[in-house]
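> Work the whole structure out from these sequences, hints included.
Here the protein sequences come in this chain order: A and B. In this text, residue positions in the first sequence follow numbering that gives the first Met the number 0: the first is 0, and each later residue adds one. In this text, residue positions in the second sequence follow numbering that gives the first Met the number 0: the first is 0, and each later residue adds one.
Worth double-checking, as some hints may not be accurate.
Here are the simulated DMTMM-like pairs of lysine to aspartate or glutamate, each with C-alpha atoms no more than 25 Å apart in a straight line [as the list claims (entries may be wrong)]: (1) B/K153 <-> B/E131; (2) A/K54 <-> B/E1; (3) B/K32 <-> A/D208; (4) A/K155 <-> B/E1; (5) B/K105 <-> B/E89; (6) B/K32 <-> A/E209.
A few chain A residues that face chain B, going by a derived Cβ cut-off under 8 Å, partial list only [what the hints assert, rightly or not]: (7) S68; (8) E146; (9) V165; (10) I168; (11) L170; (12) G194; (13) V203; (14) R207; (15) E209; (16) P213; (17) F223; (18) T224; (19) L228; (20) T229; (21) V255.
In short, the hints are calculated from the structure, not lab data. No residue lacks a Cβ here, since even glycine has one placed at the ideal position from N, Cα and C.
Chain by chain, the residues run as shown.
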Amino acid sequence: MTTFAQIFRSIIFDKEIMKEVSKVIKNLVLIIAAISSLQSFAFSEGQDEGAVNTKEEVSEYINHHIKDSHDFHLFSFTNGEGERKHVGFPLPVIVWSSNGLVTFMSSEFHHDDNGEVIVEKSGSKFVKLHSKIYELEEGATSVNLDESHHATNAHKVLDFSITKSVVGILLVGLFMLWAFSSLARQYKNKSVPTGFGRVLEPLVIYVRDEIAKPNIGEKKYRQFTGYLLTVFFFIWILNLLGLTPFGFNVTGQLAVTAALAILTLIIYTFSGNKDYWMHMLWMPGVPVLIRPVLAIIELAGAFLIKPFSLLVRLFANISAGHIVVMSLIAIMFTLKESLGVAGATGLSLILSFFITLIEVLVAFLQAYIFTMLSALFIGMAVAEHDHEHHHDAEGHEIPDEEDVRADFI
Amino acid sequence: METLINDFSPGLFVVQTILLLGLIFLLVKFAWKPILNSLNERETGIQEALAAAERAKADMQNLQADNDRMLQEARAEREAMLKEAREIKEKMISDSKEQAKIEGDKMIKQAQATIESEKKAAVAEIKSQVAELSVSIAEKVIKEELSGKDKQLKLVEKMLDDIKLN
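Here it is in structure tokens:
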């Protein structure tokens with residue numbers, strides 16, 4: 000017995016081991032603190048649903064996912080008492096209401112999305128309905144819904160909240176700032192970057208040489224390359240972020256793609272040269288009577304169709320990708336009865352694995368297409384039209400070799 | 000369409016526009032401008048280095064050609080010098096031979112002249128000695144012969160015969 004006690008004491012009082020033990024305890028405390036803080040953010044009073052099982056629940060869940068949300072939801076589970084727990088953290092809500100700017104945390108809605116929880120702040124009452132924040136009209140105490148689920152006694156407010164999409168944008172923005180400014184700093188000391196910069200540099204060169212230069216032209220590409228590079232990496236990284244289990248769907252938000260498309264519109268409209276406006280408003284080389292008609296078509300093309308095609312293409316591709324991936328994952332539940340648990344799970348895993356591979360390609364492709372088309376539109380606006388075309392022996396025009404842009408439209 | 004419009008969040012649009020503009024501004028200032036400038040610098044540097052290498056190669060080739068030409072020239076010069084030397088040698092030899100021949104001829108001629116004169120002198124000498132001898136013989140003979148008349152005559156005859164034979 001004494002020997003055991005001695006060994007025990009020697010272990011306890013051994014300095015090295017004490018250090019190790021205290022380290023382990025410290026780490027454990029930290030982990031527990033982190034978990035409990037996450038739990039404290041958790042919206043445990045969720046009164047809803049339970050596990051997502053039926054087809055309707057699945058499509059409801061997918062619809063909810065592709066929308067923006069006011070809290071960062073990681074996962075949900077049902078605990079021992081049959082209570083539904085949601086783990087995640089709340090995000091700040093910033094709205095411009097009839098009583099001015101109002102801010103509070105989204106946890107005050109207690110994970111309600113049906114307009115049942117009313118938050119009263121600075122004299123205004125807010126509810127959250129289908130991921131949108133509504134302000135109740137004067138005197139209303141609860142939200143009234145018509146048969147198509149629209150609020151009749153509440154109106155939408157201008158919502159500047161730090162939503163999940165804004166978090167995604169901020170994260171990607173910070174990441175890009177960190178990554179590319181560290182790449183830029185590397186050039187001060189060495190001409191060839193090392194480490195992560197070695198991965199980034201070819202991508203930058205790719206955008207410059209394959210997107211900016213061929214579409215805008217050697218002479219003018221430089222001043223637009225900054226915008227094109229930013230947009231390319233912004234869209235690409237956000238698309239990839241959307242494939243992670245965090246479930247960002249930033250480039251699948253119309254507001255985000257619209258902002259991107261409108262910025263491109265502004266850039267090519269304001270950098271358009273005389274030839275560009277001439278060809279748009281008073282097309283040379285066609286009968287005078289047709290010119291106004293062409294002008295209308297050209298104006299519609301430049302101000303509506305081009306930006307609209309940009310914003311819808313990106314939005315639709317990314318949203319569709321998310322819906323398809325999530326639907327294929329949902330095969331696990333929806334086909335459980337007909338295929339059995341193993342069959343449904345296997346099928347779901349195989350299909351969603353391959354579609355995710357395709358989505359990784361689509362993530363790049365959509366970033367490339369958006370940037371390429373932006374560069375193309377800018378290139379068309381700044382192109383120098385060489386009116387003295389070369390003529391061959393029979394007097395036919397030889398098109399300029401570089402000027403193949405029109406073929407892409 | 001209605002759901003799409005309903006889903007469109009003007010607030011998010013404003014936030015996204017502001018953040019995107021800020022991101023573009025910061026990235027252009029701190030990343031794209033230095034990166035693109037360094038890339039351009041590096042590319043022009045590489046191009047210049049390649050051109051310099053090309054020029055060095057051309058220079059090298061010129062140098063090689065020069066060397067070859069100089070070698071050729073040196074070889075030709077040596078050839079010419081050798082030929083000249085050979086010619087000089089031959090000329091010298093032939094000249095010497097000529098000289099020697101002339102000298103030899105001259106010497107031979109002299110020798111012949113000397114021999115001739117010597118011969119003449121000798122002949123003259125012989126003649127005078129013969130004359131003296133003949134005189135002394137004649138004296139002796141005369142002395143002898145003159146001792147007897149027959150003998151004197153006989154001797155005269157005999158001598159005369161000898162002279163005739165000569």
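> All hints, please: hold or fail.
Verification of the supplied hints:
1. B/K153 <-> B/E131: Measuring from Cα to Cα gives roughly 21 Å; hence the hint holds.
2. A/K54 <-> B/E1: Given pair A/K54, B/E1 holds - Cα atoms ~24 Å apart, limit 25 Å.
3. B/K32 <-> A/D208: Distance of about 16 Å is within 25 Å: holds.
4. A/K155 <-> B/E1: Holds, at roughly 15 Å.
5. B/K105 <-> B/E89: 24 Å, holds
6. B/K32 <-> A/E209: 18 Å, holds
7. S68: 11 Å, violated
8. E146: 15 Å, violated
9. V165: For A/V165, the interface hint holds, since the closest Cβ of chain B sits about 5 Å away, which is under 8 Å.
10. I168: Since chain B brings a Cβ to about 5 Å from A/I168, closer than 8 Å, the hint holds.
11. L170: 11 Å, violated
12. G194: Status violated, d = 15 Å.
13. V203: Status holds, d = 6 Å.
14. R207: For A/R207, the interface hint holds, since the closest Cβ of chain B sits about 7 Å away, which is under 8 Å.
15. E209: 14 Å, violated
16. P213: With Cβ-Cβ at 16 Å, over 8 Å, it is violated.
17. F223: This interface hint is violated because 11 Å lies over the 8 Å limit.
18. T224: Holds, because the Cβ-Cβ distance from A/T224 to chain B comes to roughly 6 Å (cut-off 8 Å).
19. L228: Hint holds; A/L228 Cβ to chain B Cβ min 5 Å, cut 8 Å.
20. T229: Holds, about 5 Å.
21. V255: Nearest chain B Cβ about 5 Å off; hint holds.
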